[in-house]
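Peer 1: FYI, in UniProt numbering the residues of the sequence shown are 1 to 516.
Just so you know, the hints here were simulated from the structure itself, not pulled from any lab data.
In this text the structure is predicted, and so the values were computed from the model without any measurement.
There may be inaccurate statements among the hints.
Here are the computed distance ranges between Cβ atoms for each label pair [unchecked claim]: (1) 326 <-> 424: 22 to 30 Å; (2) 482 <-> 261: 48 to 56 Å; (3) 67 <-> 131: 46 to 54 Å.
Cross-link-like lysine-lysine pairs, in silico, DSS-like; alpha carbons within 30 Å at most [to be verified]: (4) 150 <-> 251; (5) 176 <-> 390; (6) 344 <-> 176; (7) 155 <-> 251; (8) 70 <-> 219; (9) 200 <-> 251; (10) 158 <-> 200; (11) 58 <-> 70; (12) 158 <-> 344.
Glycine residues also receive a C-beta, built at the ideal position from the N, C-alpha and C atoms.
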Amino acid sequence: MANSSVLLPERLLPAIPAMPSYLASRLVWLLLVSSSFAWVYSKTRQKSANFPVINPPKGWLSLFTQDNIKYYLDNGWEVQRRGAAEYGGQPYNVITTDGVVTVLPPSLAQEIRNEPNLSFLAVAATNLQSHLKGFDVYAVDTIQGELMLKVTRNKLPKFLAQMCKPIAEEASIAVKLSLGQSSARMSSRVFLGPELCRDKAWLNVTKSFALDSFQASDKLRRYPTWFRSFAATWLVPQAKLVRQQAIDAEKLVRAVIEKRRQQREQNGGTEKGEENSVDWFEDEAGGRVYDAGKTQLLLSAVAIQTTTDLLTEVMLRLAQRPDFVQELRDEVASVLQAAGAWSKPALFNMKLLDSAIKEAQRMRPVLFGAMPRIALADVVIPCTGVTIPKGSRLAVSSLLHHDPSVYENPLEYDIHRFADLRDDDSNSHSHLVSTGPASLGFGHGNHACPGRFFAANELKIALSFLLVNYDWKIDTENVDISPENIGFTANVNQTARVRFRRRAPEAIEIDLDNIR
1 MANSSVLLPE
11 RLLPAIPAMP
21 SYLASRLVWL
31 LLVSSSFAWV
41 YSKTRQKSAN
51 FPVINPPKGW
61 LSLFTQDNIK
71 YYLDNGWEVQ
81 RRGAAEYGGQ
91 PYNVITTDGV
101 VTVLPPSLAQ
111 EIRNEPNLSF
121 LAVAATNLQS
131 HLKGFDVYAV
141 DTIQGELMLK
151 VTRNKLPKFL
161 AQMCKPIAEE
171 ASIAVKLSLG
181 QSSARMSSRV
191 FLGPELCRDK
201 AWLNVTKSFA
211 LDSFQASDKL
221 RRYPTWFRSF
231 AATWLVPQAK
241 LVRQQAIDAE
251 KLVRAVIEKR
261 RQQREQNGGT
271 EKGEENSVDW
281 FEDEAGGRVY
291 DAGKTQLLLS
301 AVAIQTTTDL
311 LTEVMLRLAQ
321 RPDFVQELRD
331 EVASVLQAAG
341 AWSKPALFNM
351 KLLDSAIKEA
361 QRMRPVLFGA
371 MPRIALADVV
381 IPCTGVTIPK
391 GSRLAVSSLL
401 HHDPSVYENP
411 LEYDIHRFAD
421 LRDDDSNSHS
431 HLVSTGPASL
441 GFGHGNHACP
451 GRFFAANELK
461 IALSFLLVNY
471 DWKIDTENVD
481 ISPENIGFTA
491 NVNQTARVRF
501 RRRAPEAIEI
511 DLDNIR
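Construct all of the structure, not just a fragment, from the sequences and the given hints.
Peer 2: Printed below as a string of structure tokens:
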């Protein structure tokens, strides 16, 4: 619609007085409101490639009922299966809460994986409402966003070997005191050191912020873009919590940074003790002013969300298959006894545990509309001639994760699947951290999760303590652990309950606390 107002033609006017005046006024009001909604919709909708739409609006009432978007929210996997069945290996469009998304077949994952004009960061900033107060922690077009990328890509991988022992120390404490804070404690030990990793206020802020910000973002995305600021203020309670958590985090981190700066000055610019992300951000900033609270909160939120989600999924799967657990315990004991220490090589050699984690991620990738991107310029996909216009969104289907031609019995959880593939030197995608068209849990290409190597080590250490020291069992027979799907997102089932008990000392294969 080109104009923002509606002009009633003269031939229609004589008909209006024939109605009661209050009905005529309501008719005019309805026409004006509906045209305004249509105009706002047309102006706020982003560009999209010209492909078939799998869930088009059915009539003008869909602008108000949004039945097509509800279909997408309730049937994300089915949308992809329909798309593959109806359009084969061709792209198609889906109308979502974030506008129109072009879904590419898995075969094109390789083609777009390193395209610089297809941005994952722009998607993350948009989906996580980075334009709103509190949520601006997720803004990527700031110095905080720049530093976050540099630290995760340049600093974090270099210190993986040094992190194993501190993470193990924290995991040992966490499993004895609070299983629910395991991920927060382990990540905080690496990122902020002993100052905050055992501070209850910091642990509560980081754990709550990760949960509240993701849940609030999901709720806000159900509202039109132009309405989300109002909704965040008045309609979504978690958004208020997020704003306060960002303020609290800044105060806690500022105190630690000031202490570290004073120590550096006293030591002539050198650092004593464990180096951590406080130092990394300071180095990368090079004297520039930045919001330290936001950088640490962003780093912690992403790490905690990723690790906690996958750790929970693995435990749910293993609690249903206790026959697998003893094999994993034996491997942990064998590898650590041979290594004599928590080390990077030792964690690498936990091949069956690596496979168990990757198998859980294969069955439930968090984003099965994988590799989400926003086009920063017109992009022509090689080998296809397909043009993705600037401003449009796209994602890659994860259907290969459940494809029987790729994975035998794909709906069965098998901890040996990737360990067996790993023995085949020709298979390069069998490791937890490896990515590919049939393994998109961590993304793929330049925008693959840069922290996945750190997450893999955290997960293996945490699972070692949980499996060796405790017995696990699903609370009720035949409990459904199916994911909670919202559109193209698959969340861990939060209604499933697991029983656990500490094992007798004489039954434990190895004393993990004595591994140094």
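Peer 1: Take the hints in turn and mark each one as holding or not.
Peer 2: Structure-based check of each hint:
Distance hint check for residue 326 and residue 424: the Cβ-Cβ separation is about 25 Å, which falls inside the suggested range of 22 to 30 Å. As the Cβ distance of residue 482 to residue 261 is approximately 49 Å, the hint placing it in 48 to 56 Å holds. Between residue 67 and residue 131 the C-beta distance comes to about 28 Å, which lies outside the given range of 46 to 54 Å. Distance hint between residue 150 and residue 251 is fulfilled; the C-alpha atoms sit about 23 Å from each other, no more than 30 Å.
Distance restraint check for residue 176 and residue 390: the Cα-Cα separation of roughly 52 Å exceeds the 30 Å cut-off, and the hinted pair is therefore not satisfied. With a C-alpha separation of about 24 Å, the suggested pair residue 344 and residue 176 falls inside the 30 Å cut-off, and the hint holds. At roughly 24 Å between alpha-carbon atoms, residue 155 and residue 251 fall within 30 Å of each other, so this suggested pair holds. Between residue 70 and residue 219 the CA atoms are separated by roughly 13 Å; this keeps the pair inside 30 Å, and the hint holds.
This hinted pair checks out: residue 200 and residue 251 have alpha carbons roughly 14 Å apart, not beyond 30 Å. Between residue 158 and residue 200 the alpha-carbon distance is near 29 Å, which keeps this suggested pair within the 30 Å criterion. About 12 Å separates the Cα atoms of residue 58 and residue 70, which keeps this hinted pair within 30 Å; it holds. For the hint linking residue 158 to residue 344, the alpha-carbon distance of about 12 Å falls within 30 Å, and the restraint holds.
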